[in-house]
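Throw the hints in and build the complete structure from the sequences for me.
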Amino acid sequence: MVEIFIIPLVTAFLLAIFIRNKKVVWPLFLISNLYILLKLWTLFGKWEIEKTIYTNYELFGAKLSFTLSNNPLGWYFAFFSAVITLVISVFSLGFNQKTKENVAPIWMLIIFSNLGIFFAADWITFFMMWELMGWTSFFAITNGRDKALNEAKYYLVLSLLGASSMLIGIILLGALTGSFEIFASAYGLVQVFYSEKALSIAAIMLLLFAFFIKSAIFPFYMWPSKVYAVGPEDYITFMSSVMIKYGIYPIAMFIVPVVGSLDLPKILNTANWIQYFVGYLGAISAVLGTILAIFQTDMKKLFAYSSVANMGYILLGFASMNIVGFEGALFHAVNHMVLKAAIFLTLAAVIFRTGESEMHKLGGLVYRMPITFLTFLLGIIAAAGIPPLNGFGSKWMIIQALMSQKMIIFAIAMIFASTGAFMYLFRALASIFLGQLPDRFKDIKEVPLTMLIPMIIMMIGMLLIGVVPGVVMKPLTTALRAVGYNVNIASWTSLEGALKNSTIDLTLVFLIFLGGFVISAIMYILGNKSETVPQEDNYTGGEYPEEWGVNADRFNYSYSFYQPFKEMFEPLLEKISIDEFFASIGRNFEYMSATVQGLFRRGEGAVLLFSIGVLLLILGGWII
Amino acid sequence: MVNRVYYLGLIIAFIMAFGSLWALLTDDLFKAIVVFGIVSLSSSVMFLLMQAPDVAITEAAIGSGITTALFIFTYKKLEDRKDER
Amino acid sequence: MRDERSLFINIVALLILSVIGFYIYKVSMDTGKGIKITDNITPQMRVADRFMNKNVIKEESKYVWGGTAENTSANIVTSVVVDYRLFDTTLEVIVLFVTILGFGFVIPKDKRKIIKPTTILNRWAPILMILMLMIGGYMFVNGHLSPGGGFPAGAIISTAVLIGVLAGRKTLSQKTLKIIEAVAGISIFSLGIASFVITGNFFQNFILNDRIGDLFSAGLIPIFYGLIAFKVAAELSNIYFEFYEEC
Amino acid sequence: MAQLFILSSISLLFIGLFGVLTRKNIVKILIALNIMETGINLLLVAFGYVENGIVPILTSNESIMNLTKMVDPVPQALVLTSIVIGLGTTAFSLALAIRYRYNHNSLSIRASEEEEGVNI
Amino acid sequence: MNSIVFLIVIPLIAAFLSLFLGKNDKILAYIVTLFNIIFSILILFSGKIPFNVAIGGWRAPYGINYAVTDLTIFFLVLVNVAALLALTSVREIMEYQFYSFYFVLLSSTNGIVLTGDLFNFFLFIELSTFAVAGLISYKRDRLSTGAALKYLILSSTASIFSLAAIGLIYKTLGTLNFADIANKVNNLNEASLSLILILYISSLLVELKIFPFNMWVVKAYEASKTSVNLFIHGMLGTAGIYGVLRILLMVFSKETGKLTLSGNLSSILMLFAFVTVIIGEIGALTEKNMKKILAFSSMAQLGIVLFGISLGSFDALKGVLYIVISNYLAKFVMFLTVNEFSKVSGSTNYLDMKGLGRRYPVLAISFTISALSLMGIPFFAGFWGKISIIGNAVFSGKLELIGAVLILIASVIEGVYYLRISHTFFSQGHEREGRISRVYCLLPMILALVILFIGINPDSFENIISILLDEIKSPEKYIKLILSLK
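Line order of the protein sequences matches chains A, B, C, D and E. One rule links them: number in the numbering used here = place in the first sequence (from 1) + 12. One rule links them: number in the numbering used here = place in the second sequence (from 1) + 11. One rule links them: number in the numbering used here = place in the third sequence (from 1) + 17. One rule links them: number in the numbering used here = place in the fourth sequence (from 1) + 8. One rule links them: number in the numbering used here = place in the fifth sequence (from 1) + 568.
Because the hints were derived from the structure by calculation, they are not lab data. It cannot be assumed that every hint is accurate.
Below are the DSSO-like pairs computed for lysine-lysine, each with C-alpha atoms no more than 30 Å apart in a straight line [to be verified]: (1) C:LYS133 <-> B:LYS87; (2) E:LYS922 <-> A:LYS35; (3) C:LYS126 <-> E:LYS594; (4) C:LYS53 <-> E:LYS752; (5) E:LYS922 <-> A:LYS159; (6) A:LYS541 <-> A:LYS457; (7) B:LYS87 <-> C:LYS195; (8) E:LYS922 <-> A:LYS34.
Output of the computed footprint for chain D on chain E, the stretches with three or more beta carbons under 8 Å from beta carbons of chain D [claimed, not checked]: (9) 687-699; (10) 702-713; (11) 730-737.
The C-beta atom is built at its ideal place from N, Cα and C for all residues, glycine as well.
Right under this line is the structure:
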């Protein structure tokens, strides 16, 4: 148990020493991740392992201790994130040959905090790891480049704010329940909830605030699009697949059991208000993420909003408070990990070769990078939730759970978002890989082998989970049983539903789709051949837009692809401009900063302010 | 006897109050310095009335004498500087 | 020095002062229990009582004029300044040392022409100087008997130097002043260390068995006062040199 | 009598504080500070004053009998110290003021000091 | 143990000697500082603590006494170590006045910590004020002259206020001794006590850099050399915190060891505290000059310290001590780093220091560690302070809750500007000519490791703090110790 915490620390230290030597750093990174994965594999089933460090530090009259325990749910998250991390670290081997900066030591620290978050048994440890992840991410995102500074600052402010609110939440929780242990405090909170209603709800809300920030739920949905656009691509892959789940894990771990055990008044005989609160935020995230993703021209931003939408699905699964929905949400978390990692790896590969992330400047890469294309294709099929791949099963479970709980609005929102997902995913595929290859990319090649292998692994993974969901569902159900939920161990191929007679066998579905695929392939081979014309003739009609002073790329069909759709939603989007709100706060702070500096620069009114201070001391006695 | 001392104290108190006000409100720096010297000197008389001859002598020598001299030196130095420009 | 905000600041200042004044008035009119700031507490209820009765060490001890006591200075203020609270006084000397050091450090040293003094001043200067020195000397020697003491004595001695400077007579160099200052300062603390070696206490007045009212009484007090006087004189003279010496 | 002393010293304190708050000329501010210091010295000695008191100096056996009539010597000792501190403050500040005048060509406390940049 | 006075006397004698030694002053400074450190450590391990020394043999409420207790010796060691650390940043040849001021500052800060007498305390504060003013004006240019002058005027006004308070204390209680005052303070009228406290606290807050009283801070830091900044931060600042702890918690407290000031004074102090935190952090947000940033930041840290003190609970006081030690170490690391970097880049603007962190990673990482400690991030010393203070504030009342939230927001702002600076250090920069010797990287690294060590293993510091808290909890022991001496 302790080794998996010591190894990352030691590795991070070694990486920092050898930071200039790329031939050492990335293999070391890979080996360390491999070790962690193997160690985690051996930890399966040994739920009783625990390590406690006692201190003399007293808080609220009790001595603090830090406990790390191998809790089943944490193991579930940690294991799959370790798998993804290992695959990404293979990818990094090839990807980082060209880059000047080196993100490895900081990344290793984040992996340490990753494990810490998933294995923490008390809130203080959890908080320490959470904060560690916040500031290390700042350095990982900027990675020594000035262009990423503003976005990284945005992320830093949000994560520090989240951590602050979490600190107050933890303190409230500790004072209410008398314990900082996660399970004990959950149990205690249920006990004291009815007597200390306001404080308990405040604690839950403060914690949720922090979790929502980290998982980019509605009011804080802006950071992924900002951060993913500028961060180092391999690290962004890790971030979009693993780090965005940090908010999901504690919700599953703490909030869901607590809210589930409470007997709150129900609205319309369906669910209590906390469920609705969480559900509405999830639904808004799902819908808004989808709509915003449709309008993006930068592919990394597009998939950032797609992540927001997916986090919304997971939250909807939690909001259903139904065991199938809960399982579906957790299943979707892993599915999203896998498919987002696959998609971002292909994006990283495209950027590695072309250096472009604007979609309308790309196109036709299928001829040059076929394997990348295939991975991307499978990735977007999975993301759209089309059956033979892994996104389908979990979404299906969540929608079923929502329907069975009579949360029709949420189900509609989710179906809307899934449909919208087709729009942006298809568009990304078409603009990046299909169409015609621009002249400047004539000479590019497929990415090297070290980067191909991870993509192939991800393809296999998506297909495997899609066809044999038991790969994930068996550990998940085992873990849930170990935690104390009353669930059946899932079978290898079939998924249980919440409604009657809704169990489906995904292998059967796969075979049906395979048949369809074969038929369409035959049709494609037997069909007419296409004809090639110079690329710009397609959209400039033989004119030269450069002569008018306009960039020809703007006439590409994928620029402003969904313009009418965008005009339709424009008024709505203007009204909920959270980004502008945050920016105005920042501007106000900067304005105040100038004022304060002016005050101190002059310094002539020192004695005046001194006597005003004395005055305040005097008046304070009378007024306050 | 007590009355006479009391009136003396009253007069000196007024001298000090008006002198210090004058020293602060006048625009002429030199006048202000001289008036301040007078205030300081009268305060040493006040110390004497308070049965504190030690303090009175010290105030007369240091507070009134040397401090005022310092102010005047400074004034002269600043004036010289003004001439140079 | 007129300023457009002048009136505003005046009003604000008056407001602040009136609030502070009103507060002090209110506190002095307070009718709560406990000792108030307006209460008349005589010296007998304070620590000063022990100083005047000279029985800090041995309670209930009495002394007579011309007899011995734990502290044989006739001037009780002097006995407080140079004996009971000697450490304060040494610190005060250090304060003067630091500030004058800062003064000499900061003041701009520009060349300036010295106006030739009149003949009368030049002739009479030595006499005045000697007079000043004598007055100063008398003051610190008699500091334990009569009002005065080291500080005014130092100021008066320094006036002698000032007269010398004004009269255009070269009396002392700045280097000498520095040496006097340092030697006096170090000797004050050396006396302290000596008393530490002799009695085990710092700054203890270890010359005992002299009688109140004698010229040579009060143990180390005249010595301390003399050192203080020379130190103060040297420091103040430094100021005059800064202003009036060609650099 | 004690009231007169205390009131006059407090008035000096207030006038001095007023001057420190409102004056722009640095030398004026220092004069005001000195007035405040005079005021506080008077106040301290006035705290030790006893009605119809006598000087705390022993001159004969009679004065030893009259110890209860003596004014408090401790505030006087403190004031001796504080006078010298006042002198030190004034001397140092005046030197700084002269330097300030040379650097800024002005004695106003508001003379601008906008001098950013290289500054090791 | 009467020899404790040597801690004050030896530096003063050195101050006189330094007038004549010329270039050897530096050696003298090191010798005297080392003497002070070794002497205070010897006292720490002599096993005779607590003890009381009467100067001149006059016993406690009558003469001046120096009391050495656990709290005293803790701050004594901090002050003297700070002196040595700050002295290492003096590289170039200084004029003899610099060393004279330094010696006086050393002795006066030692005195502030040691003394048990109100007027003596006042004198030491004055002495340190003059020494610091002299050090600030050391460069004698436009900025430093103005800064020193304004500092001097402000602190003289403050000293007059505190003198008034001392006079009132003597008038009403008839004593100047800390222990005696603490013994008798309950006899005092409520309104009179609050008048005295207002006068005295307002002068203390000038040294503690609390908002309406702190107009001198930023100018003074900007105008002076790095070594002087370190003197102000490490010696004067630490001694000032000791003074506040001793005077507010153990002398003028009506209840044992708690800040129970009359007339809601503690609420006002709390208001001042969190306004200071906010003002300090906001002021630093868009600042480019590193020295000013550090000045604003130390203001904010002292605001947190005062906030913790004014909460009036022992848990919060524990947090205060953690914050004190974290700020103490972190600011040393930062100033030393800035000193080295500004020598290479030729400016104190942090944007000019681009890329230096890649060449000197040790310095930049130490800087980052201290910044994180100041922000109160876990695994660093500041976290243990922050969690304790915030934890106690949340349940104390409305004003306290608002203060806690504001302090958390302020720490977010602090994170933004500090990590931005760290990022600038690590970003791509152009080549420079200057070099930094490896030796100068060593000291910041060691201090940063200490921060990290305390952060990871709070036990190491917790035991010391519990001893200190025991002393603060029972001021009657202090009173007994001093007043029983015959």
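Violations among the numbered hints:
Of the numbered hints, all hold.
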